[in-house]
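Let's have the full structure, built from the sequences with the hints guiding it.
These protein sequence lines map, in sequence, to chains A and B. With the UniProt record's numbering as the guide, the letters of the first sequence map in order to residues 1 to 406. With the UniProt record's numbering as the guide, the letters of the second sequence map in order to residues 1 to 432.
Worth double-checking, as some hints may not be accurate.
[Said to hold, decoys possible] Derived DEER-like restraints, expressed as beta-carbon distance ranges: (1) A/N199 with B/T389: 18 to 28 Å; (2) B/R136 with A/Q220: 38 to 48 Å; (3) B/V214 with A/E210: 29 to 39 Å.
Bear in mind the hints are in silico, worked out from the structure with no lab data behind them. The beta carbon of each residue, even a glycine, is placed where N, CA and C say it ideally should be.
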Amino acid sequence: MDTRKLFAARLQAVLARPYLATALFALHPVESRHVPTMAVDPYWRCYVSPAFVDRTPVEELAGVWVHEVSHLLRDHHGRGDRYALRHGLSGPAERLRMNIAADCEINDDVFGEGLVAPEGAVRPASLGLRDGELMEDYLRQFRLGPHTAHLAWLECGSGADGLPRPWDLGPRGADGLSAQERDAVRFRVARGITGSPGNTPAGWRRWAEEAFHPPQPWRQLLGAAVRAAASAPGSGDDYVYGRPARRSAAVPGAVLPSLRRRPTRVVVVIDTSGSVSDAELGSALLEVTAISRAVGGRRDLVGVLPCDAAADRVRPLCGGAEGVELLGGGGTDLRAGFARALESRPRPDVLVMLTDGQTLWPSRRPPCRTVVGLFGRHHGSPSYDESNSEYVPDGPPAWARVVTIG
Amino acid sequence: MSAYAPPSENPTTETPDTPAPSGAPAPSVRASRLDVPGALLALLRDTTTAPRPDPQLEALTLAVSADLPVLLWGEPGIGKTAALTQLATTLDLPLTTVIASVHEPSDFSGLPVIGDDPAGNGIPMAPPDWAVRLVRAGRGLLFLDELSTAPPAVQAALLRLVLERRVGALRLPPGVRIVAAANPRSSAADGWELSPPLANRFVHLRWVHDADVVVRGLGGVWPRSVLPTLDAGLLPEAVAFARRAVCGLLGARPALVHRLPSGEALRGGAWPSPRSWDMALCLTAFATAAGASRDVLSMLVRGTVGDGPGLEFLAYLDRMDLPDPEDLLADPGAAELPERGDLRQATLDAVVAAVRSRPARDRWDAAWALLARAAETGAPDLLVVPATTLATLRRDNWEVPAAIEGLAGVVSVSQRADRAKVRALSVTRGNR
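Written out as structure tokens, the structure reads:
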């Protein structure tokens, strides 16, 4: 094998993408006549076909190096396995689909700026898909068929899709990296990028930020926050003398109070002001249903209070989320909603505010636990009242637990 | 119960060749109708074990040996109880399992019992029987299972038990080790969540099952891991190493000493504070004395101070493992360079940086000799940047050393890459 050519290509890749140097040097090349081009395994070995090296120009080889190391940095094999497990997929065809989707995720932004795309590199556009999405998103959007037949030779190895190949040396073979060493290499690359983000493309910056802190789905976070608030001590339980305590038998003659629990009551205040879109309201309604389930499935214990500048009244969520009429559309003042929710009888144990945050907040902490579901605003969009550009809303107060939605 | 084939139920671990009692025929009694089912059960339980390294069990063993409160996060039914059974066997401790969800808070804070003179002597709070037995035995492994399905008041009482080791008026003796288990927040039906101050007191270990292990086990072969034992001869060295590592990192990165978790996603997990760094130091010493792998240490440290600081700590350990540049410069002929490309490059960079910080003719020559040696034994491309930097350090009266001839291959690779770079730039600019 022409190793000098292979290493010259790696050097060119390092010169073009200095922030990937650690990862590129950590890859261990292994000569293999079984792979069509170059392929990686999860243990950071790179299997290289000598014939491929001979017939490919150095600058294209450099592109392949970066492409293959991207599979490993982005943990495509682990993500592929998890996707397959979650969706019950099996078989080589599905793995080929994963390889194609992973390639789309890499190829849409990795080339250019001194790095040549190798011949035949798959791009999302060639499948009729949009750029800039993740492997999991692409996997939902295309199937194998005649239009992907030309991709059937695609082979980036088990490092790209998780399916072990016959030529893989396996976890116990020579020169493999252990789980901790792989994490360490990915961490060093990520820290290099976050440390000097100056000329790194946005795609790699996003990867570096999320490499070890993947964004958690907001539904789980919101559900956990509401559950924690609803089941925390002090909400819904109290000592009463109405029934004898379990301990009473041990203390004859004494009347002991017993701890009784009543179901937690939740009031959801929905911001229906003009700054909240219909789509956001729709997802808010879905969340209301989910929250009612989280508190034990009794819809009569969940109240809904639509609120813009003035609050309506708390309505029970009897007919399900579909039955709630969302009125409003004007400016926002959630303080009215807070006050009205606290007036309702029985008093709520937990307040959930679903809002975009363009509101005034109460100055004092309310006498119950508060969870704020905050609709995320994309940077650059108008974030405050157009008619009054001086007005910048405060963030949610510190006593509320805030979950960003979307 | 969340146990798959606990090893203690396994005939091969305790009493190798004894069949299940139901299979033993009693001579004078006539055959029971349960004999045949009993024989079938005995056959089903007749499994063997094979040795297999298990990093998560090793991590658990070390954390329990270090007497730190451990919290196992894992889905129900994946073998946490089985692991605890094996751990108890290894540490030779009797295992007491308390299922938290079937208890009341008073079971952990004690029941009032009236004596002779309640007004004069007060009312003692009687502890539950398992606690009394534990105190009487003086040692044991207490496993608090299913913490997350217990009502919040019970959870609060249990935390006092885990952290203060008190049950009612009783104090558990130092020989008792405590492990708790909880379901992850995402799968828990009702919220179990630690406040940041509580989370900071635990070693969080994620417990996951391995599909291969389960399949092999159901096929009749369960894994048996050789658990770490501390080497008495290594103890002072282990403490010195752990102190050097933790102090070295925190000296260079004081921001890592204390950082409250920010954001909802990180709540209830591990985060760095002086207390958790102290635990990390202790665990590093234990892992070093036991000769545990970096994977095990990684689990322990990341479960104590959190992912980010834990990874920084491990990266710092990696740097500590690299050869000292001054040693390499002192004797380039005998230098042992790391095999892995990225580590070798980091070593050579450090050597060049050392020459730059204290330039001298003999050091410059030694660095060239090192580079030539590296060119003989490994990939040439990673030498280009160190060699270029080293060349710029030359003073006027220094002659080019003979060793530089060994770098001819490096130069050709570098030139080839430069030509490819020019072509690549013309292609990618042409596309825009």
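Next on the checklist: Assuming the hint says 18 to 28 Å, is it satisfied by the Cβ distance from A/N199 to B/T389 or not?
Outcome noted: Since A/N199 and B/T389 have Cβ atoms about 21 Å apart, the given range 18 to 28 Å holds.
Item to check | Consistency of beta-carbon spacing, A/Q220 to B/R136, with hint 38 to 48 Å | outcome: Check passed, 44 Å falls within 38 to 48 Å.
Checklist entry - If you check the beta carbons of B/V214 and A/E210, does the distance land in 29 to 39 Å? => result holds (31 Å)
Taken one by one, the earlier hints all hold for this structure without exception.
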